[in-house]
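J.: This is what each chain is made of:
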Amino acid sequence: MSLHIKNGHLIDPTNGIDGQCDLFIDDAGFVAASGQAPEDFTPTHSIDATAKVVCPGLIDLRVRTREPGLEHKATMASEVRAAVNAGITTLCCPPDTHPPIDTPAMAQMIQQRAWRYGLAFVHPLGALTRNLEGRTLTDMAALDEAGCVGFSNALHAINDTLVLRHAMEYAAGFDFTVFLHPEDPYLHGGGCVHEGEISTRLGLPGIPEAAETVAVGRDLALIEQTGVRAHFCQLSTARALSMVAAAQQSGLPVTVDVTAHHLHLSEHDVGIFDSQCHVRPPLRSQKDRDGLRQMIKDGVVTAVCSDHQPHEPDAKLAPFSLSEPGISGLETLLPLTLKLVDDNLLPLNQAIALLTQGPANILGIDAGHLSTGATADICIFDPDTDWEFTEADIHSRGHNTPFLGWRFRGKVTHTLVGGKLVFEEGKKPDLSQGHFY
Amino acid sequence: MTVADIQFDEQGQLKHFLTIEGLKRDHILQILDTAQSFITLAKKEIKKAPLLRGKTVVNLFFESSTRTRTTFEIAAKRLSADVINLNPQHSATSKGETLLDTVNNLEAMHTDLFVVRHPNSGAANLIAKHVPPHVRIINAGDGRHAHPTQAMLDMFTIRAHKGDVKNLQVAIVGDILHSRVARSQIHALTTLGAAQVRVIAPKTLLPTEVERLGVHPYTNMHEGLRDADVVIMLRLQRERMNGAFVPSEQEFFNLYGLTADKLAYAKQDAIVMHPGPMNRGLEIDSSVADGPQSVILPQVTYGIAVRMAIMALIMGGKPVARKRRTSGSTRGSNGTTST
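Protein chains in written order, with my numbering: chain L, 1 to 437; chain D, 1 to 339.
One or more of the hints may lead you astray.
As the list claims (entries may be wrong) - Simulated coverage check for chain D against chain L, where a stretch passes if three residues somewhere in it have a Cβ under 8 Å from a Cβ of chain L: (1) 136 to 147; (2) 209 to 218; (3) 228 to 235.
Claimed, not checked - With a cut-off of at most 30 Å between alpha-carbon atoms, the simulated DSSO-like pairs for lysine-lysine come out as follows: (4) D/Lys-47 x L/Lys-316; (5) L/Lys-287 x L/Lys-339; (6) L/Lys-316 x D/Lys-15; (7) L/Lys-6 x L/Lys-287; (8) L/Lys-287 x D/Lys-203; (9) D/Lys-15 x D/Lys-129; (10) D/Lys-166 x D/Lys-43; (11) D/Lys-77 x D/Lys-47.
In short, the hints are calculated from the structure, not lab data.
For glycine and all other residues, C-beta sits at the position ideal for the given N, C-alpha and C.
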């Protein structure tokens, strides 16, 4: 199948394209050309993208598919389907599966399960330490060989700074990227909300800002010492982001992402014990939320992710501190990011870059652009559709989201992975098309 | 959703009693007035009223308690309810049953009112949100969040000994950070218009941004107690000593333990309260606890009447018509007599 995507507004930040431009996909699933069709190119199919935006398929830096180990919450099959329905064609999964991704076999198994469905591309992160225990390094070179795009200890803090130093040094020697979740375990304590007005009012154990800034300070010192390329995951406080901004200015190779929900919610959204707002790191103050938005505008933050964590209903039906943290976020990643455009924070092409070019560069993968010859992973959305987010819009197995009832502008109409149409609004998926490998 | 959405029915009647936050001054006064009518009942030979006859009350205590559970039990029995006491931490939950499953199972036995204590903040709210509409919930303490019936009996005590709460200087001393009692007292006192509410503790035991609750924090006991009309001491749990909250019992007692010397900074006629159980020699000196200014034991007595009032009100007993200071003469206006 070769394809002509007509009359769309093409946004490809990597190639500086932002305007009406046709796109041509060859029968092998690669971009043949943009603008003018190549000579002798006769498309077998076409998509009319009039008044729609055509952009590279979205890349989500952090998605827990719950497989293997927590299949009662979600599965690879359910979550990659939900991802492509939301325009996400590439996702990166952290190593805190059960068992963790600390062996090449585990890394390969996850990719094979994803390949079986042929929907989104799934890139695993390898564990930085064995069993995420923070004591022994993993076989990083073998994990890299097996397809891991970077290394992380996920939410398991490495208390022993010597182990962390060695992990960073080792990774630096092979030019691997280390993904850090800065959170001081002692200051975090048993906390479950931001330490501030709401923790005081509700009598919930709080997590102070310093739990993040102390860990970022420590990590930055080790990054400087070891020269490793490092990425900070989902920072939640304005102060920690300022520290990273200063480090970037002094030339340290550090990048940072934030989650879509931290850009729109604050501690006050916890209301009276709304466990759908129980996330880690916690929703911070309104000042922090504004600070995060400013850092996006300033270019310090180069990616927005969903930090997708699907849960079964019971996981949230408990007293707040006993409920499991996390939001099922695939479906709201694009709408919440587009909301930043409506809020006049960013132009549309920069919002798209936060979901395509930005995360691709962080992962160091050849994706998130539509250059000639690139894999044709494409998201097409109608930027003017005004819609209300309801449970019917959720394709993930996890319905745990605080955004039900929100109104969004912009909805995905088509998703292509490797040139194949894997989602079209209003149509049932044609499973026979799924296996394109 | 606000707490009022859960706590009140469509007619604006109190349906569950979960927290003081969101209650209006009139709600609080209504409960206090109703409680006053039950005080007289306790002095009669037959201490029962038939308001809850045929109703089943379950005391569901996921955390141990003597005073609160006993006063709730007595309160329910004086209202003629059948009472069942359960300590699920020893049975169902230890077998892995979820909180809502435990409640649903008990509800399936046609119980009418749950009095719930739970070690985690928000537990009573969660249950109230998920029970069928005819079931009522009273929060008997959830984590560090709220202990509204304790705060109500404290307000009753203050009113009984000081008249109106308005214009009083009230100091709450001790482990504010971990105290659900303090949080509920603060809401009650500010709603009733106390002149000033102060919280006194080392900074390690003061919650962040506590001023947002409308109180004035002090780390110095003498300054905090100056000219206070009411001094409320909180229990310092001994397990806090193991953390880095307080260096030692001795230092805590020296700085914050209520002794006759320190009490002298308060007004001469100040009253001393404590929700119990007391740590004598840690947060309070025996000479003060048993002294003339102490109203600690009357607090317990009032606790029964206040809990009866709350149970009666949320179980559909029509509210007592508000009258001006008619202590003792009010009774349930739904026709029941106090015999």
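J.: Holds or violated: L/Lys-287 and L/Lys-339, Cα atoms, limit 30 Å.
T.: holds, 19 Å
J.: L/Lys-316 and D/Lys-15 were given as a pair; does the straight-line alpha-carbon distance stay at or below 30 Å?
T.: Holds, at about 24 Å.
J.: Is the straight-line distance between the alpha-carbon of D/Lys-77 and that of D/Lys-47 30 Å or less?
T.: Cα-Cα ~9 Å, so holds.
J.: When you check the alpha-carbon spacing of L/Lys-6 and L/Lys-287, does it fall within 30 Å?
T.: At roughly 43 Å apart (the allowed maximum being 30 Å), L/Lys-287 and L/Lys-6 break the hint.
J.: Tell me if chain L covers the stretch 228 to 235 of chain D under the three-residue, 8 Å CB rule, please?
T.: Since 0 is below three, the answer is violated.
J.: Taking 30 Å as the top limit, are the C-alpha atoms of D/Lys-47 and L/Lys-316 close enough?
T.: Given pair D/Lys-47, L/Lys-316 is violated - Cα atoms ~44 Å apart, limit 30 Å.
J.: Just to be careful, I want the Cα atoms of L/Lys-287 and D/Lys-203 compared with a cutoff of 30 Å; is the pair within it?
T.: holds, 24 Å
J.: Quick one, are D/Lys-15 and D/Lys-129 close enough, alpha carbons at most 30 Å?
T.: Holds. D/Lys-15 to D/Lys-129 sits at ~11 Å (cutoff 30 Å).
J.: Does the structure keep D/Lys-166 and D/Lys-43 at a Cα separation of 30 Å or less?
T.: holds, 29 Å
J.: With a C-beta cutoff of 8 Å, work out whether three or more residues of the stretch 136 to 147 of chain D approach chain L closely enough for the coverage to hold.
T.: holds (count 5)
J.: Please verify the coverage claim for the stretch 209 to 218 of chain D: does it have three or more residues whose C-beta sits within 8 Å of some C-beta in chain L?
T.: With 4 residues close enough to chain L, the hint holds.
Consistency note: the structure conflicts with the earlier hints numbered 3, 4 and 7.
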